[in-house]
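Protein chains in written order, with our numbering: chain A, 1 to 348; chain B, 1001 to 1172; chain C, 2001 to 2098.
Possibly wrong hints are sitting among the right ones.
As the list claims (entries may be wrong) - The list that follows gives simulated cross-link-like pairs (lysine-lysine, DSBU-like), each with its CA atoms no further than 35 Å apart:
| id | chain 1 | residue 1 | chain 2 | residue 2 |
| --- | --- | --- | --- | --- |
| 1 | C | K2085 | B | K1086 |
| 2 | A | K64 | C | K2094 |
| 3 | B | K1088 | C | K2085 |
| 4 | B | K1086 | B | K1023 |
| 5 | A | K143 | C | K2024 |
| 6 | B | K1088 | B | K1023 |
| 7 | B | K1088 | C | K2024 |
| 8 | A | K11 | A | K60 |
| 9 | C | K2094 | C | K2024 |
| 10 | C | K2084 | C | K2024 |
| 11 | A | K196 | B | K1086 |
| 12 | A | K143 | A | K64 |
| 13 | A | K64 | A | K11 |
| 14 | B | K1086 | C | K2024 |
| 15 | C | K2024 | C | K2085 |
| 16 | B | K1022 | C | K2094 |
| 17 | B | K1022 | C | K2085 |
| 18 | B | K1022 | B | K1125 |
| 19 | B | K1088 | B | K1022 |
| 20 | A | K143 | C | K2085 |
| 21 | A | K60 | A | K196 |
| 22 | A | K11 | A | K196 |
| 23 | A | K11 | B | K1125 |
| 24 | B | K1022 | C | K2024 |
| 25 | C | K2084 | C | K2094 |
| 26 | C | K2084 | B | K1088 |
| 27 | B | K1022 | C | K2084 |
| 28 | C | K2094 | B | K1088 |
| 29 | B | K1023 | A | K64 |
| 30 | A | K143 | B | K1125 |
| 31 | A | K196 | B | K1088 |
In case anyone wonders, no lab produced these hints; they're calculated from the structure.
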Amino acid sequence: MLEGILEILIKTVVILGIPLGALPIIIHVERRGAGFIQRRLGPNRVGPFGLLQPLADVAKFMFKEEVHPTHVRPFFYSLAPLVALTVALLPLACIPIMAPLEINGRTIYPEVFRSDMGIFYAFAVSALGSYGILLGGWASNNKFSMLGALRACAQMVSYELSLSTSIVAMIFLYGTNDIHLMVAAQTGYWFGFLPKWGFFIQPLAAMLFLVGIFAESNRLPFDLAEGESEIVAGYHLEYSSMKFAIFFMAEYIHMIALSALFIILFFGGYSILPGLDLIPQSPIITPILQMGSLIFKIAFMIWFFVWVRWTLPRFRYDQLMDIGWQRLLPLGIINLIATVLITYFRNQ
Amino acid sequence: MISDILLTIITMVFALMVVFSKKTVVSALALLMTLLSIAMIYFQLGTLFLAAIQVLVNAGAVAILFVFVMMLINLEQFENNREKGKVKLVISVLAVLVIMGIFALIINNNIEVLTANNIPDNSMKLLFDKLFSVYYLPFEMATVLLLAALVACIVITGHEKAHKVELEESHE
Amino acid sequence: MSSIYYYLSAFLFCLGLLGTIFKKDLISILLCLELMMGGVSLLMILMSRATGVLESQLIVFFMIIISACEVAIGLSLIIALYRKKQTIYTDDIKIITE
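Pulled out of the complex, with its shape left as it was, chain A reads as follows (with noise of 0.2 Å):
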C-alpha cells in the first residue's frame, strides 16, 4: 500500500516536473528563435546569450502588483487559470517516458495513471481544455475577452472532430488502444533503415492531426482566441501577473502534452531514434536512451510550433472555419473509411 502510494507520488513528480522545469527553456527558445527567425537578436543582455532571461521573467511576474478589476465576476475570475493548468496537466497522466521497467521481478510502469485505454483518456481529458479559456473570457467581463473565449471554444470544439478521426484511424491501425503496444508496433525498421513509424503508414492522418493540435493549442496560425489587432488579447485580457503567468504555462503545457500524444501515434513514442540503436543495450542503458528520445523528438515538436508561429500569418476567422470543417473534416473521414476498409481485408 504504502510503496504504492510512494510509486505513484515519485512518478507524479517526474512527470510534473519535466515540462514544468522545461517551460523556462521552451519560452527561451521562442524568444531566441523569434529573433533568429526575424534576423534580429532577440534577449541577449541577461545572462550568457540571454539564457537568465526566463528567471527575470518569472522575477517580473512574481513581483508585478495583481490588478483586480472590479467589474470581474470575483471567484470565477480567479478560479479559470487554475482550471486551465490543471486540464492542461492531466493528459500528462497517461504518457509513458519509457517502457515499463522489470524491478525486482516486478513490473513498474511509467506512466502515473496505468490503462489499456491510455490514448483513449488523453483524448478525452484534453478535450476539457476550453473550459479553462471560456471561463476565463466569461468571468472578464468584458466584450473583448468573451469574444476571444468564444472564439477559441467553437476553434476547440470543431478541430477535435478532424483530430478525432485521426486518431481512431490509428487506433484501428495498430488494433490497440495501449500506449506500450502502439509503441511497440512502432519499434523496427522496414528494408533496415526506415523507422516503422506511423508517419510512414498514415502521412495524411499525421498532416489532420498536426493541424488539430496547432488550432486546439490556441498557436499561430490560429491563434484567434488572442488576435492582438482585433480583439486586444483575447481572454486574458483582465489578467495580470501571476493569473497572466498561469494562462500563459497553460498554453504551453498543453502544447507539450498534445505534441507527446502526436509523437506517440505517429512518431514512435519512446522508441529510441534510428541510429542511437547501435550503442550497446542494456537494462540501465536502454531507459535513459528511451527518453532521451521521447524528449528529443518533443523539443523538435516544439521548434517546429515556433518556426510555424513566426513563418505564417494568422488566419481569418470565417478562413479557420471553412478549413475545419469544409477541408479536414471530410479528408479525415475518407480517409477513415480507407483505413478501416485496408485493414478489414488484410484481416480477412
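With the hints as your guide, set chains B and C onto chain A.
This is chains B and C only, laid out in the frame that chain A set:
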C-alpha cells in the same frame, strides 16, 4: 469505501447546485462537475470505457454546448426577476421524497443481489463483440440519428435568408 | 458498499425531475433533464455490474449518443425561440399563435 461515500457526497452537492443555484451559468458548470463525478463513479465501478465516453461526450461536448449558448444569449439580462412557484416547489419536494422512499425500500430488500460484482474481466471486448454483431442495427441507427440532429440544428438555427435580406437592404 | 450508488442514482433522477417541474427557464429545464439522464445511466451501470448483463452498458452507450442529440436540438430550438421572441421563459411562450 471511503472513496464511495466521498464521491457520492461530491456528486450530490454538485447536483443540488444544478437545481438550486440562482445563476444559470453556475448551474451549467455544476452540471459539468456532476457529469465528471458520475464518470469517476463509472471508473470506480470498473466500466472504464463508458467513463471515458462520458468525459469525452457529456462533459467535453454537451456541457460546453450549454455554457456556449448561455454566453451567446447573455442570460444575465433577465435573471432574478422571476419568482419561482413556491407551492409547486413544496409539492414537488414531497413527491420526490415519496419516490425516494419507495426506491429505498426496493433497494433495502434486495441489497445482497444488487451489490454483487458480476462484470467479466474482458468486459470491453465482450461489449464490442455484442455491439458489432447483435446490435449493429441500433448502432447504425444511432449514427443516422446523429446526422439527422446535425442537419436539424443547422436548419433550425441557420438564418441565411434573413441575413441576405438585411445585406441587400443595407446595399440599397 | 456500492449500494450507496443506488441511492445516489435515485437522488439524481428525483432532483432532475424536481428541477424540470419548478424551473422557469428552458435552459435550466434542459440542464435538469441531463441530470435525470445521469441518474438513469448510473442505475443502468450498477445493474449491469450486479447481474453481469452487458446489454445495459450498451444502453448507456446509446443513451449518451441520444442525449447529445437531444441537447443539440433543444439548444438550437432555444436559440431560434430567443431570436424570435427575445425570451426563454416558459411563462412567456404559453400562447402558441401570435
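Identify every previously stated hint that the structure contradicts and give their numbers, smallest first. Numbers 2, 11, 18, 21, 30 and 31, in rising order.
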